[in-house]
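Novice: Here is what each chain is made of, one letter per residue.
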Amino acid sequence: MIKVVQYINQFFANVGGEEMAHIPAEVRTEVVGPGLAFQQAFKGEAEIVATIVCGDSYFNENLEEAKKTILGMVKEYNPDLFIAGPAFNAGRYGVACGTIAAAVKEELNIPVLTGMYKENPGADMFKNKVYIVSTKNSAVGMKDAVKKMAPLALKLAKGEQILSSAEEGYMPNGIRVNFFEKERGSRRAVNMLLAKLAGKEFETEFPMPDFDRVAPNPAVKDITKAKIALVTSGGIVPKGNPDHIESSSASKYGKYDIEGVTDLTEATYETAHGGYDPVYANQDSDRVLPVDVLRDLEKEGKIGSLHRYFYTTVGNGTAVKSSKAFAAEFSKELLADGVDAVILTST
Amino acid sequence: MKLELGYIYIKDIQFAEESKVENGTLYVNKEKVKELVLEDEHFKSVEVDLAKPGESTRIMPVKDVIEPRVKVEGPGGIFPGMVSKVETVGSGKTHVLKGAAVVTTGKIVAFQEGIIDMTGPGSEYTPFSKLNNLVLICEPVDGLKQHDHERALRFAGYKVAVYLGELARTLVPDQVEVFETPTVKEGLKLYPELPRVAYVLMLQSQGLMHDTYVYGVDAKQTLTTMLYPTEIMDGAIVSGNCVSACDKNTTYHHINNPVVHDLFSEHGKTINFVGVIITNENVYLADKERSSNWSAKLAEFLGLDGVIISQEGFGNPDTDLIMNCKKIEAKGIKTVIITDEYAGRDGSSQSLADADASANAVVTGGNANQVINLPALEKVIGYTSVADIIAGGFSGSLHEDGSITAELQVITGATNEMGFNKLSAR
Amino acid sequence: MIITNNDWVYEKYKNYDSHQVIFIEGSYKDVLVKTRDKIHEGYELLTHPLSSSLKPNETPFKSIIISEIKDKLNVDSLIIIENSIMSWEKFNNNKLKLNFTQQIIEDFKLVDLTVLEGALNNK
Chain A
2 MIKVVQYINQ FFANVGGEEM AHIPAEVRTE VVGPGLAFQQ AFKGEAEIVA TIVCGDSYFN
62 ENLEEAKKTI LGMVKEYNPD LFIAGPAFNA GRYGVACGTI AAAVKEELNI PVLTGMYKEN
122 PGADMFKNKV YIVSTKNSAV GMKDAVKKMA PLALKLAKGE QILSSAEEGY MPNGIRVNFF
182 EKERGSRRAV NMLLAKLAGK EFETEFPMPD FDRVAPNPAV KDITKAKIAL VTSGGIVPKG
242 NPDHIESSSA SKYGKYDIEG VTDLTEATYE TAHGGYDPVY ANQDSDRVLP VDVLRDLEKE
302 GKIGSLHRYF YTTVGNGTAV KSSKAFAAEF SKELLADGVD AVILTST
Chain B
29 MKLELGYIYI KDIQFAEESK VENGTLYVNK EKVKELVLED EHFKSVEVDL AKPGESTRIM
89 PVKDVIEPRV KVEGPGGIFP GMVSKVETVG SGKTHVLKGA AVVTTGKIVA FQEGIIDMTG
149 PGSEYTPFSK LNNLVLICEP VDGLKQHDHE RALRFAGYKV AVYLGELART LVPDQVEVFE
209 TPTVKEGLKL YPELPRVAYV LMLQSQGLMH DTYVYGVDAK QTLTTMLYPT EIMDGAIVSG
269 NCVSACDKNT TYHHINNPVV HDLFSEHGKT INFVGVIITN ENVYLADKER SSNWSAKLAE
329 FLGLDGVIIS QEGFGNPDTD LIMNCKKIEA KGIKTVIITD EYAGRDGSSQ SLADADASAN
389 AVVTGGNANQ VINLPALEKV IGYTSVADII AGGFSGSLHE DGSITAELQV ITGATNEMGF
449 NKLSAR
Chain C
40 MIITNNDWVY EKYKNYDSHQ VIFIEGSYKD VLVKTRDKIH EGYELLTHPL SSSLKPNETP
100 FKSIIISEIK DKLNVDSLII IENSIMSWEK FNNNKLKLNF TQQIIEDFKL VDLTVLEGAL
160 NNK
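Chains as they are written, first to last, in my numbering: chain A, 2 to 348; chain B, 29 to 454; chain C, 40 to 162.
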């Protein structure tokens with residue numbers, strides 16, 4: 002009998018919604034939430050011996066501790082397979098699933114599987130590290146997700162050969178696997194062109210590597226007269242993170258006033274970013290958001306002025322779509338405020 | 029231009045006193061074939077053999093595969109500019125010995141190209157394992173230069189294919205398919221509402237053993253131009269390309285171009301298949317720019333809504349492919365491109381030598397680096413010992429028991445970039 | 040300017056007035072790297088480095104044509120040579136240990152030469 006340990010969040014365990022996202026990891030021995038559907042789909046070949054329930058906020062804000070604890074829990078049960086989620090389009094849940102699945106795979110050498118919607122930030126982050134089954138974008142797609150995940154899960158547990166992403170239902174992970182289609186390539190090309198001409202959806206058989214190039218604006222004419230603003234994805238926030246910008250998969254950005262501030266100190270600023278060792282940024286946030294240097298340049302007349310507001314978010318696992326949306330919003334303010342150029346810092 | 033293709037289905041091939049086709053069997057007078065080949069003084073001897081589907085036979089190294097056809101009605105003859113005169117073909121009636129092929133083998137250069145297995149795992153990767161093949165093993169005279177050897181072998185293949193095709197002249201076809209392309213003016217009147225689609229066919233054109241001929245003209249010397257799709261069905265384009273067995277287009281691939289056939293099946297229904305734009309793949313970068321500029325220019329000139337682009341070969345043709353794609357997309361014309369991949373043995377490397385975000389609709393013929401084990405077969409036609417130096421092979425790839433471990437690269441037609449096969453990758 | 044490690048190419052073109060020939064005593068990769076260095080100096084790439092369908096881990100010979108004179112950095116040339124070097128590295132992860140006889144070596148030289156000739160015709 003194949004032993005499976007499952008990981009789900011507070012919502013799917015029926016503990017509660019956002020308000021319960023802070024609960025720490027705990028083990029349930031009874032089958033919970035999606036586990037019921039999985040158990041059925043396994044048709045007696047596998048059983049879920051334990052379900053780990055963890056709040057999404059807790060996981061994302063206490064990454065190291067949560068990982069350690071959960072790995073310990075998994076190790077105790079010594080399963081043949083670890084399944085996380087499916088997370089559908091829930092960003093922090095998806096990142097949690099990807100993170101914990103990758104950790105179990107790397108540190109415990111147990112086959113892992115997770116599932117989420119293709120636009121979940123966890124997908125881009127982890128699809129090349131662990132198998133991620135492509136699901137619909139909400140829990141309405143649970144039945145469909147389990148249908149795809151269960152057979153692949155059993156294959157992984159049994160150590161069987163995993164075929165191409167198109168055949169097995171996982172997200173293309175950068176490893177090309179050959180297989181025979183039902184129709185010849187020229188027919189597939191004609192079908193694809195017909196879909197493209199009709200404006201219908203189609204799926205390319207080979208995604209081009211992502212370039213996402215942005216054409217640079219022309220250079221600033223006179224930098225000594227320019228108003229420069231600072232924008233960062235390095236997560237620098239006032240001490241205490243008053244707006245609770247998440248350490249990963251940020252759902253918001255912050256706008257803070259540095260009028261009169263010439264230097265960021267350990268007492269007044271910190272980093273909210275969960276994706277890098279925060280020690281040096283917490284000691285001196287100027288290292289990520291160079292306010293002190295720009296104030297010097299301002300005094301020396303090398304730049305016109307430093308804009309009084311800086312904008313910040315956490316770039317860790319934040320969806321490209323979200324980042325674009327934030328910027329579209331606050332760049333309007335930057336323009337209205339007469340900012341000529343922006344220095345973008347990232348980590 | 030309208031062409032009727034009459035298929036005579038060949039289910040078996042045998043040597044006999046008299047060459048003829050009877051009840052689906054192609055009978056071949058071996059001596060007559062040898063005579064034909066030896067008309068060319070560049071050959072000192074020739075062997076002729078048979079390879080049938082399901083037999084435990086391996087053919088290697090394969091140079092070209094050619095299908096026997098004959099022009100029954102209408103201007104010109106098969107392989108215009110090569111074996112026949114240059115008259116424009118593609119109209120009237122042509123008969124095809126469907127299920128038969130001529131396969132040429134030979135050591136033009138010491139590194140060898142192309143395996144066809146008629147049975148076993150290898151047979152799944154080549155369309156030629158399903159054909160009744162007449163194999164020519166031609167021995168060149170001593171000291172023959174490679175250019176002359178390549179040319180002689182190429183023509184030997186066409187001559188024999190034409191000789192066999194002739195046997196179908198007076199037969200009644202088992203099945204007839206009609207293909208018709210209207211002129212631009214007629215097409216606009218007939219199909220005013222249908223999207224205008226053309227096929228951009230990229231031809232390998234780099235030098236010795238990397239050439240393609242259009243009505244006998246070396247594709248290196250050509251400017252991007254147009255053909256009626258049916259001209260291709262009469263052999264207007266033939267292959268002089270013998271390097272990279274998996275993704276080179278044999279003459280058989282050209283004359284049976286699957287994109288042409290599949291676009292025709294939609295013609296008049298969902299699209300207006302306007303025609304074929306042929307363009308080359310020269311090594312000189314300015315030539316690449318010029319050729320792709322012209323593809324885009326012609327596509328726009330024809331008022332196209334969409335194109336399918338197929339390429340041939342590895343490496344620098346990826347640049348031509350992306351140039352063609354980018355420039356045509358920039359004209360507001362939608363593209364689908366067909367390629368193959370070299371993603372490394374583990375499938376994790378960058379598949380193409382070039383890329384662009386506008387190439388968002390890609391069909392792939394598979395990863396050519398995938399390693400395959402070909403079991404020893406009872407009969408080998410050709411030269412075995414070359415497996416070690418076959419492209420995609422490696423030292424130790426020919427095992428003592430006669431089996432071969434090599435990349436898919438070695439199998440003729442395995443990752444064809446016209447979309448001839450069902451192999452793909454994700 | 041022709042950059043090559045193929046002595047047949049060197050011998051054939053060394054006395055032409057129209058272009059220089061730089062002979063590299065080294066590997067296919069060395070030819071790519073020299074070409075890249077020249078591109079950084081401002082020379083323009085005239086032929087595609089991945090010429091011929093012979094893979095970078097099959098043939099040891101490579102000839103590339105760049106402009107005779109230099110100008111500003113040509114970004115297209117840079118992108119192509121970098122991609123070609125990446126391609127070389129990708130293929131040479133699967134090192135094919137081929138046994139080259141004299142005949143095989145000559146055949147590789149011939150293909151490299153004829154492909155170069157094909158590119159130079161009418162230029």
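In short, the hints are calculated from the structure, not lab data. Ideal Cβ placement from N, Cα and C applies to all residues, glycine included. Hints may contain errors.
Here are some, though not all, of the chain C residues that point toward chain B, as calculated from beta-carbon distances under 10 Å [to be verified]: (1) Lys51; (2) Leu89; (3) Ser123.
So the derived label-pair ranges between C-beta atoms look like this [stated by the list, open to error]: (4) Gly200(A) with Glu167(B): 31 to 41 Å; (5) Ser376(B) with Ser66(C): 16 to 26 Å; (6) Asp246(B) with His79(C): 51 to 61 Å; (7) Tyr411(B) with Lys51(C): 40 to 50 Å; (8) Leu164(A) with His79(C): 52 to 62 Å; (9) Glu317(B) with Ser332(A): 48 to 58 Å.
Novice: Determine for every hint whether it applies to the structure shown.
Specialist: Cross-check of the supplied hints:
1. The beta carbon of lysine 51(C) is not positioned within 10 Å of any beta carbon in chain B (closest approach about 14 Å), and the interface hint is therefore violated.
2. Interface hint at leucine 89(C): satisfied, since its Cβ lies 3 Å from the closest Cβ of chain B, which is below the 10 Å cut-off.
3. For serine 123(C), the shortest C-beta to C-beta distance to chain B is roughly 7 Å, which falls under 10 Å, so the interface hint holds.
4. Hint check: glycine 200(A) to glutamate 167(B), Cβ distance near 59 Å, so the stated range 31 to 41 Å is violated.
5. Distance hint for serine 376(B) and serine 66(C): a CB-CB separation of about 24 Å, consistent with the stated range 16 to 26 Å.
6. Distance hint check for aspartate 246(B) and histidine 79(C): the Cβ-Cβ separation is about 35 Å, which falls outside the suggested range of 51 to 61 Å.
7. For the pair tyrosine 411(B) and lysine 51(C), the beta carbons lie near 30 Å from each other, so the given range of 40 to 50 Å is not met.
8. Restraint check, leucine 164(A) to histidine 79(C): a C-beta distance of roughly 44 Å breaks the suggested window 52 to 62 Å.
9. Between glutamate 317(B) and serine 332(A) the Cβ separation comes to about 37 Å, which falls outside the hinted range of 48 to 58 Å.
When the structure is compared with the earlier hints, violations turn up for hints 1, 4, 6, 7, 8 and 9 and for no others.
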